[in-house]
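Student: Protein chains in written order, with the working numbering: chain A, 1 to 116; chain B, 1 to 115.
Because the hints were derived from the structure by calculation, they are not lab data.
Do not rely on the hints blindly, as some may be mistaken.
Quick list of in silico lysine-lysine cross-link-like pairs, DSSO-like style, CA-CA up to 27 Å [as the list claims (entries may be wrong)]: (1) A:73 - A:111; (2) B:24 - A:73; (3) B:24 - A:103.
Footprint (simulated), chain A over chain B, 3 or more residues, beta carbon under 8 Å [unchecked claim]: (4) 16-30; (5) 102-109.
All of these numbers come straight from a predicted model, not from anything done at the bench.
All C-beta atoms in this analysis are idealised placements derived from N, C-alpha and C, irrespective of residue type, glycine included.
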Amino acid sequence: AQKITQTQPGMFVQEKEAVTLDCTYDTSDPSYGLFWYKQPSSGEMIFLIYQGSYDQQNATEGRYSLNFQKARKSANLVISASQLGDSAMYFCAMRDYSGGYQKVTFGTGTKLQVIP
Amino acid sequence: DAGVIQSPRHEVTEMGQEVTLRCKPISGHNSLFWYRQTMMRGLELLIYFNNNVPIDDSGMPEDRFSAKMPNASFSTLKIQPSEPRDSAVYFCASSDSGQLYQPQHFGDGTRLSIL
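Looking at chain A on its own, in the form it has when it is part of the complex (with noise of 0.2 Å):
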């Protein structure tokens, strides 16, 4: 089964808008971290923001929030107020531990366009 979930593939969002990326985790290890990766075209993966399972608010950093539902196993991306230089390739993953390990898994990513 999928640990990482990323279910738009593609999206388009208006220069200024809000847009919501989606992502759903699955593990079993009440300890956890969250983390949203941005990957623009140019190939290098930039640390945008994480949530901690323990976390009790949703992390915060500048115009990137993070949802986190911890009963619905989400963890959604929200951009506000989107500039052209947010298109991207942009990966949800979680850190765990599965089978006496840390593992690190990555989901498939999203392609932001920002339309101006």
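Since the structure of chain A is already known, use the hints to place chain B on it.
Tutor: Chain B in isolation, oriented as in the chain A frame:
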């Protein structure tokens, strides 16, 4: 502070040749990860080290792939012999070990093309 440094940035070689990718993690980070990214398979974790010791290499595709971390500031990923299907972008990342909530910091990747 310097980020994760990978070399070379690009590598083009013929099949059958040995390929060595290099990585210098962020100073003070004691977990290091090697990933491979392709269009077909996405981002795959190949192996990770904790305090220079390989912890999980279940993602290494074949015996042709090997990775070492001789000290805290250097790691290599070697492919011998290389094949066209090994063409991909290979990323190295580092983070604080034992910290589930610490993000991984990625290098710029090595774009490998095997002809």
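Student: Hint by hint, say whether it matches the structure.
Tutor: So, going through the hints one by one against the coordinates:
Of the supplied pair hints, the one linking residue 73 of chain A and residue 111 of chain A holds, its CA atoms being roughly 22 Å apart against a limit of 27 Å. Restraint check for residue 24 of chain B and residue 73 of chain A: the C-alpha separation of about 35 Å exceeds 27 Å, so the hint is violated. Annotation: proposed proximity of residue 24 of chain B to residue 103 of chain A holds, straight-line Cα distance about 21 Å (limit 27 Å). With a cut-off of 8 Å between beta carbons, the region 16-30 of chain B has 0 residues touching chain A; three or more are needed, and the interface restraint is violated.
Chain A is given as covering the region 102-109 of chain B, and this holds because 7 residues of the stretch bring a CB closer than 8 Å to a CB of that chain, at least three being needed.
When held up to the earlier numbered hints, the structure conflicts with 2, 4 and fits the remainder.
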